[in-house]
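**Q** Residues per chain, in single letters:
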Amino acid sequence: MSIFCTSLRVKNIGRELFPGPGFLQDGDVVEIIGEQSTGKSTILQDLMITCLLPEDHDGCMSGVIYFDLDYHFDLLRVVAIIEQRTQGTENDIQNWLKNFHLIRCADMEQLVISLHAIEPLIANSKIPVGMIILDSISALHWVDSNAGNNSQYLKEAKLRKIVQVLQALKERYKLCILASTQQLLKKDCRQNRDDEEEVVPYKPFLCRQWLEFVKHRFVVTKDDHEEVTTRKILCLSSKMDTKQFVIDEKGFHLVKA
Amino acid sequence: MPIQLLAGMCPALTSEILMQLTSKGIKQVIDFVSMDPEKITALCGLPFKKVLSIRRVLLAQYSAFPVNGLDLYNEALSTLAVLSTSCSNLDEILDCGVYTGEVTEFVGVSVSGKTQLCQSLTIQVVGELEQNVVYIDTTGGWSVKRAADITRTRFPQKQVSSVLSRIQLCQCYDIKELQECLEQLQKSLHNQPDCFYSSLKLVVVDSVSAVLGSSFVSGTYVEGCSLLQSIGRRLNALAKDFAIAVIITNDMVSAASTTSTEFYSMKPALGRCWTFVPSVRVVLEPDKEPCQLWECKYADKSCSLFEPTIKAIVDKSVRSPRQSTLLKITNAGVANGT
Chain L
1 MSIFCTSLRV KNIGRELFPG PGFLQDGDVV EIIGEQSTGK STILQDLMIT CLLPEDHDGC
61 MSGVIYFDLD YHFDLLRVVA IIEQRTQGTE NDIQNWLKNF HLIRCADMEQ LVISLHAIEP
121 LIANSKIPVG MIILDSISAL HWVDSNAGNN SQYLKEAKLR KIVQVLQALK ERYKLCILAS
181 TQQLLKKDCR QNRDDEEEVV PYKPFLCRQW LEFVKHRFVV TKDDHEEVTT RKILCLSSKM
241 DTKQFVIDEK GFHLVKA
Chain G
1 MPIQLLAGMC PALTSEILMQ LTSKGIKQVI DFVSMDPEKI TALCGLPFKK VLSIRRVLLA
61 QYSAFPVNGL DLYNEALSTL AVLSTSCSNL DEILDCGVYT GEVTEFVGVS VSGKTQLCQS
121 LTIQVVGELE QNVVYIDTTG GWSVKRAADI TRTRFPQKQV SSVLSRIQLC QCYDIKELQE
181 CLEQLQKSLH NQPDCFYSSL KLVVVDSVSA VLGSSFVSGT YVEGCSLLQS IGRRLNALAK
241 DFAIAVIITN DMVSAASTTS TEFYSMKPAL GRCWTFVPSV RVVLEPDKEP CQLWECKYAD
301 KSCSLFEPTI KAIVDKSVRS PRQSTLLKIT NAGVANGT
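Protein chains in written order, with full-length UniProt numbering: chain L, 1 to 257; chain G, 1 to 338.
Wrong hints could be hidden among the right ones.
As a list, the in silico DSSO-like pairs of lysine-lysine whose alpha-carbon atoms are at most 27 angstroms apart [stated by the list, open to error]:
no., chain 1, residue 1, chain 2, residue 2
1, G, 24, G, 50
2, L, 11, L, 186
3, G, 311, L, 222
4, G, 39, L, 174
5, G, 267, L, 232
Taking CB as the label site, the calculated pair distances span [unchecked claim]:
no., chain 1, residue 1, chain 2, residue 2, range
6, G, 285, L, 22, 29 to 35 angstroms
7, G, 256, L, 125, 26 to 32 angstroms
8, G, 196, L, 124, 41 to 47 angstroms
9, L, 223, G, 61, 46 to 52 angstroms
10, G, 24, L, 58, 30 to 36 angstroms
FYI, nobody ran anything at the bench for these hints, they're computed from the structure.
Where is the CB? At the ideal position from N, CA and C, for every residue including glycine.
Bound conformation, chain L alone (with noise of 0.2 angstroms):
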């Protein structure tokens, strides 16, 4: 078990969200799921700074693209969360930060070439790439659909290439694919609560072959009550409870029950 451990890149990390045992590790695919301001990226860059980070901070030592499709990245605040940490020197972080690549791309379409075009970066780096990160792959969802008019292939199409090439870059270099995704459909109101089977807390509205490709997904919440802000997060992959999380200066952490 040791040695089929060492030899993976990211592994063991996101203890506290992922089922045992291995918790994220190569080749998982993981999609957050949850409306605006609920914290989707700030879990996915804290787990982003755990795969940057060397082993004697808990780290995986290795690179991490991410696509910032959004335009909501901050990198100064990825920073932040890192000093906070750590504690490391000025310099450390700049080191750690080489091994960390961002990308911003004007349409999905570029996206799609973007992800074809990476792969040398992934197949030359001098410290293996442990993620890729689409902070968030609904950005553009209503522009696609309504290029493609009626037509519900043409619609799925770009994003059916984006899961094609994710999927050979995941299985040739065994890294693991974060996603977040918007909440744009609001979910089915007419519950039924005489029934047994639990309500599916989200609306599902990307294509099939996206949905087949996650592996673990997680729907988080949060709700206002004057200015106490609660946040949860439900996995749906496993069996685990909603656990209650904050969001501060020092970036993502789950409430100790």
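Take the given structure of chain L and dock chain G to it, following the hints.
**A** Leaving out everything else, chain G in the frame of chain L:
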């Protein structure tokens, strides 16, 4: 628009090869790069070396360039500016002010002081920081008289005309005009033909709902959402690519009640897909109902001294938790309320 394969896009892509590709249904750049080079070779009977060379050129030409984290960090450090709002209460809940590289939304009902806040911030940036501002007015709410008054009260030693000359006003009254205006702005920033754009630090859109609200009137729901997503993206791209602070204002609409104590609640206009656009959202609530405001103003003879109070609540921000503060509108713009 999807990028079609064209003869001459790269030296190896001749019109004969293009014909062979299109006859097999490979018409767009993404079709070509998404298919295995081996498969294209087999399907179209092309030399493998040529296919690889075309692929390499297309990937280099049309992909987005990965930026290294260290370079990005150094760039972020040198371009980040936090624009103080001149109102310490508001600065405190926003964690020092309005950040460049982000879209900040002020949302509130009518008479909640959205336009006053925009004008006050604009004068602060041009007067105190001596940076330039593009003010996109979609409601006709911009008042040069008010701007001049704020400038006179706040910067008595400065010449009003020189301060106001740092503001460029664009009036857009429909979606198309707004799109063209933003496109033009992006182009100008890219070329930087004069120094106005090199020291542009703030773009204000007051208000987005006035023009974008009509996107759902004509056409389908999907068309409306598509328009909103693409304009939202453009605003975010403007903020990130050129390190500019973008401020937008939005209206409130009524929504189904979430609690049992009230009949209805309020939510920002433009629906679910717009909620993902701003990085920071501040909700403004007037202390008094509009009709009461009217009474106060006219019942009291000293009407010029009447200063409406507004409650500001941070609804979305990665930097600060949900908190609120009081503001008031004075002769000198927005100030701390009590």
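**Q** Now tell me, hint by hint, if it's right for this structure.
**A** Structure-based check of all given hints:
Restraint check for residue 24 of chain G and residue 50 of chain G: satisfied, since their Cα atoms lie roughly 17 angstroms apart, inside the 27 angstroms limit. Of the supplied pair hints, the one linking residue 11 of chain L and residue 186 of chain L is violated, its CA atoms being roughly 35 angstroms apart against a limit of 27 angstroms. Taking the CA atoms of residue 311 of chain G and residue 222 of chain L, the gap is near 22 angstroms; set against the 27 angstroms cutoff, the hint holds. Of the pairs offered as hints, the one joining residue 39 of chain G and residue 174 of chain L holds, with about 24 angstroms between alpha carbons and a cut-off of 27 angstroms not exceeded.
The suggested pairing of residue 267 of chain G with residue 232 of chain L holds, with an alpha-carbon distance near 22 angstroms, which does not exceed 27 angstroms. Here the CB-CB span from residue 285 of chain G to residue 22 of chain L is close to 49 angstroms, at odds with the stated 29 to 35 angstroms. Taking the beta carbon of each, residue 256 of chain G and residue 125 of chain L are about 51 angstroms apart, not inside 26 to 32 angstroms as hinted. The supplied range of 41 to 47 angstroms is met by residue 196 of chain G and residue 124 of chain L, whose beta-carbon atoms lie about 43 angstroms from each other.
For the hinted restraint 46 to 52 angstroms between residue 223 of chain L and residue 61 of chain G, the CB-CB distance of approximately 48 angstroms keeps it satisfied. For the hinted restraint 30 to 36 angstroms between residue 24 of chain G and residue 58 of chain L, the CB-CB distance of approximately 51 angstroms leaves it violated.
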